[in-house]
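Asks: Residue-level listing of the chains:
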Amino acid sequence: MLILTCPYCGVSGEETEFHGGGEAHLKRFGPGASEADFESYLFHRENPKGVHFERWRHVNGCGKWFIAARDTATLQVFGTYPAQTTEPPQEIRDKITAARPGWRWRDFA
Amino acid sequence: MKRYSAFAIAREAARNHIGWGRAWAKRPPKKRYDVIIVGAGGHGLATAYYLGRNFGITNVAILEKGWLGGGNTGRNTTIIRSNYLQDPSAAIYEKARSLYETMSQDLNYNVMFSPRGLMMLAQTEHEVRGYERTAHANALQGVETEFISARRVKELCPIINIDGPRYPVLGALWQARGGTARHDAVAWGYARACSDMGMDILQQCEVTGVRQADGKVTGVDTTLGEIGCDKLGIVVAGHSGVLAGMAGFRLPIESVALQALVSEPIKPCMDVVVMANTVHGYMSQSDKGEMVIGGSADGYNNYTQRGSFHHLEHTVSALIETFPIMSRLKMLRQWGGIVDMTGDRSPILSATPLGNCFINCGWGTGGFKAIPGSGWGFAELMAKGQSPLCDAFGLNRFTEGRFVDESVAAGVAH
Ligand SMILES: Cc1cc2nc3c(=O)[nH]c(=O)nc-3n(C[C@H](O)[C@H](O)[C@H](O)COP(=O)(O)OP(=O)(O)OC[C@H]3O[C@@H](n4cnc5c(N)ncnc54)[C@H](O)[C@@H]3O)c2cc1C
Ligand SMILES: [Zn+2]
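The listed protein sequences correspond, in order, to chains A and B.
Letter by letter, the first sequence follows residues 36 to 144 in my numbering.
Letter by letter, the second sequence follows residues 306 to 719 in my numbering.
Chain B on its own, in the form it takes in the complex:
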């Protein structure tokens, strides 16, 4: 792999940029791999990367039915935070957030991690108490957050209207090292590093069946033919139910559409991320100047990657009350992704009824922030059969009623 550096830019500038190679290799599939990962989103790619980096397992293929990062990883609003309530959540999300801090250096790929600070507005008394509780929990977990006053909110984000008629801002949960990163770059950076370790990234390769013998997976059927494996990792977000169906087990997951939208670009006016969970809206400003906006998910099973119009209407009308300056902004683009929702709004990183098959899913509306931590833990689970980061997130928590309940804690999760 040719390293990216200031020197490389100067060198290539001097010779008409003819020396930039492919970021990752394109190779035909082998007959068999030690590990097959289904799904080249952030979580699948990060899993492969840490299998190689932390465990030396590099005979790995990552199979993707579309293009790399074309699922939710390339469709999200890129918010990164780790201010969760429950201890197991704080552990995995904070591991992820801390890995984001050095990801550009680790991968030699600029993922534009921008810890610009993130606030979750408290707009009801109930939310004030909830976020104060989270701030205390975070202090015990070693996650740096604080509950700030409405005045401080206004100082940090002057375009907020703190005394709106319906939902005045009463304070906020502030995480100074939360922020955003470039979502495509995260997928591309991991893909380049995986390819460099000799792993195969097979795009336009849809898994259509899971081959089994004696309660174990022997390989997968794909649109590029049958491929064998010793271990299988299913990391397909919204399509988890489809893959579990192929493998013959059931999941506590439903897939729904979640939408986002961006405005026309405007001058810099907001250098923090703001989430307003009571009114179901959140916003940040991209480097191009667009206001990046997300809202709530559809209320029914859906695989159409579109989503319903009234959710956009609801999100935008709620945000206009909090950000009056955007009332005349034009919205440029809207899109949807299919998110995999669990009942307790926590992920599943687990062994399955098939001995050598593992599943990583259920990240729902908020898994971009978790990509490196999830990959770190899931690689350990796949390599060793056990991982402290994943312990609480097994499928058995549903049998045992041992939920990691973040739905009550977050209201909306991103």
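Chain A on its own, in the form it takes in the complex:
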């Protein structure tokens, strides 16, 4: 069972309290962008077997969006953090490095 902790209200709950929102840290491309960038933004997804960053919403709670760092092969959660950021905080990266040395996700490592 997947247990997440909301970084806003601090509540820990199993996954039915939350709702998955897909890949985190997507860079938006809109009108004027190249077709490749637009396609990539809309459709291409990281789909790693291992470390992953993804958005969640605390739907049956405070209602806020946050980001979780999680291993898709074990469901281990390395940590959660507020969504108002464009990259994972150093502290979370360190935690992942301790558990998964040499990890890499897009440009983050």
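FYI, nobody ran anything at the bench for these hints, they're computed from the structure.
As the structure is a prediction and not an experimental result, all values here were calculated from the model.
We put the beta carbon where it would ideally sit given N, CA and C, even for glycine.
Treat the hints loosely; a few may be bogus.
In silico negatives: residues of chain A with every beta carbon more than 12 Å from chain B [claimed, not checked]: (1) G98; (2) L110; (3) A133.
Below 20 Å or equal to it, Euclidean Cα-Cα: the simulated SDA-like pairs (lysine to any residue) are [unchecked claim]: (4) K84(A) <-> K335(B); (5) K99(A) <-> G604(B); (6) K84(A) <-> T609(B); (7) K62(A) <-> P557(B); (8) K84(A) <-> T528(B); (9) K335(B) <-> G553(B); (10) K84(A) <-> T513(B); (11) K84(A) <-> Q509(B); (12) K84(A) <-> R611(B); (13) K84(A) <-> E511(B); (14) K62(A) <-> T704(B); (15) K572(B) <-> I625(B); (16) K84(A) <-> G604(B); (17) K84(A) <-> T704(B); (18) K84(A) <-> A552(B); (19) K370(B) <-> G85(A); (20) K635(B) <-> E618(B); (21) K84(A) <-> Q610(B); (22) K62(A) <-> G648(B).
Looking from chain A toward chain B, a few residues come up when the C-beta cut is under 7 Å (computed) [unchecked claim]: (23) T51; (24) G55; (25) E74; (26) F78; (27) H79; (28) R80; (29) N82; (30) T107; (31) A108; (32) Q111.
Based on the hints, put chain B with the ligands in the right spot on chain A.
Replies: Just chain B with the ligands now, with coordinates in the frame of chain A:
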């Protein structure tokens, strides 16, 4: 290959069954093949089979990291239908369904295809209109389906409660030649036929890298060493993203867990397949008497082949309303598979940015039914570089916004 027949059974019965050979050969890998297929699920094996049968390409290896058919091919609920909305879908799924009709004879292997009839219940006005539309589309596509009344639903499947309080049954989309087949047998039958053509099936052989030079694939690294190839076909379902990562391109695919479960065996009580898409549940009865049940997929990326408990709870509680007689049935087993989901819920059968590398994936929650049609089309694509069955399912449809949208059409897809 020794043929299976009634005569063979009698012969072996008379001599203590000592004459049954291996169904497929076990050989060490060669240095190089004309074609390497990664993934010995139904789609990979069917591709290899039709490469040999339709195009005479038999210097082929099928590489499998686990055991043959141990992926989604051996984990699904075996529903076969071709009542899709869009023309390209109807073409490939109906090709597959029609190949299932003669598969046991073609492969000389009993795949227990059982066209027992399949209904998709309409439980809201919206679904009634949707399925009437699909029935009309199917009529134009030459796929035999019809929209039937609630009374006819009750006649065909007496254990259904058609006037449930929340979701009464208002009618159904009926495909009389839809049904089920034995999933393991499909993989085993193709494997035996491939082996008979001289192809190598290498189990416990995981691909760990894709070797390239000048924008082309030259071979793969595996747990059994490096193996060279002229063409590479990637057919690994839930692991497509992992393989694409090795090859260096990205896919519009996310992998999630989908679960199924079976009840204790009971006497025959249901001889059709019933899908209830509004409540996210579907059911059929296996030859052993178990009720085979499937539900909805997890809402997040997952490679654990387990799935979340609340989906089972949701599926079973919804089905009990439609099938009250099963409220006291015990559930025996539950399992999960990792399914490869595309945004439009249609598959990808495509060339890739690497000239001689092709990918067949994105079958998601509903690719068992498509195995022979997919193998037929994908073999043609790999052999000739182009195939009418695959044209609409290229990766370029995402660049061009030319989707084959079955997500709206089906709600749930199996
Ligand atoms: C619970 C459940 C119920 C379903 N119900 C239905 C249904 O009723 N009807 C229907 O039509 N479809 C159904 N499906 C979907 C269907 O099972 C799949 O679409 C189909 O089986 C996919 O076949 P495949 O050959 O592409 O993949 P798989 O059978 O998964 O084969 C892929 C193979 O690739 C191998 N592989 C992966 N990575 C590597 C590597 N690096 N090296 C070597 N080998 C590798 C895997 O081990 C696996 O054996 C269901 C799926 C699930 C999980
Ligand atoms: Zn919260």
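Asks: So, for every hint listed, does it hold in this structure?
Replies: Hint check:
no., hint, result
1, G98, "holds, 17 Å"
2, L110, "violated, 6 Å"
3, A133, "holds, 21 Å"
4, K84(A) <-> K335(B), "violated, 29 Å"
5, K99(A) <-> G604(B), "holds, 18 Å"
6, K84(A) <-> T609(B), "holds, 9 Å"
7, K62(A) <-> P557(B), "holds, 16 Å"
8, K84(A) <-> T528(B), "holds, 18 Å"
9, K335(B) <-> G553(B), "violated, 25 Å"
10, K84(A) <-> T513(B), "holds, 13 Å"
11, K84(A) <-> Q509(B), "holds, 19 Å"
12, K84(A) <-> R611(B), "holds, 15 Å"
13, K84(A) <-> E511(B), "holds, 15 Å"
14, K62(A) <-> T704(B), "holds, 17 Å"
15, K572(B) <-> I625(B), "holds, 18 Å"
16, K84(A) <-> G604(B), "holds, 16 Å"
17, K84(A) <-> T704(B), "violated, 25 Å"
18, K84(A) <-> A552(B), "holds, 15 Å"
19, K370(B) <-> G85(A), "holds, 18 Å"
20, K635(B) <-> E618(B), "holds, 13 Å"
21, K84(A) <-> Q610(B), "holds, 12 Å"
22, K62(A) <-> G648(B), "holds, 18 Å"
23, T51, "holds, 5 Å"
24, G55, "holds, 4 Å"
25, E74, "holds, 5 Å"
26, F78, "holds, 4 Å"
27, H79, "holds, 4 Å"
28, R80, "holds, 5 Å"
29, N82, "holds, 3 Å"
30, T107, "holds, 5 Å"
31, A108, "holds, 5 Å"
32, Q111, "violated, 11 Å"
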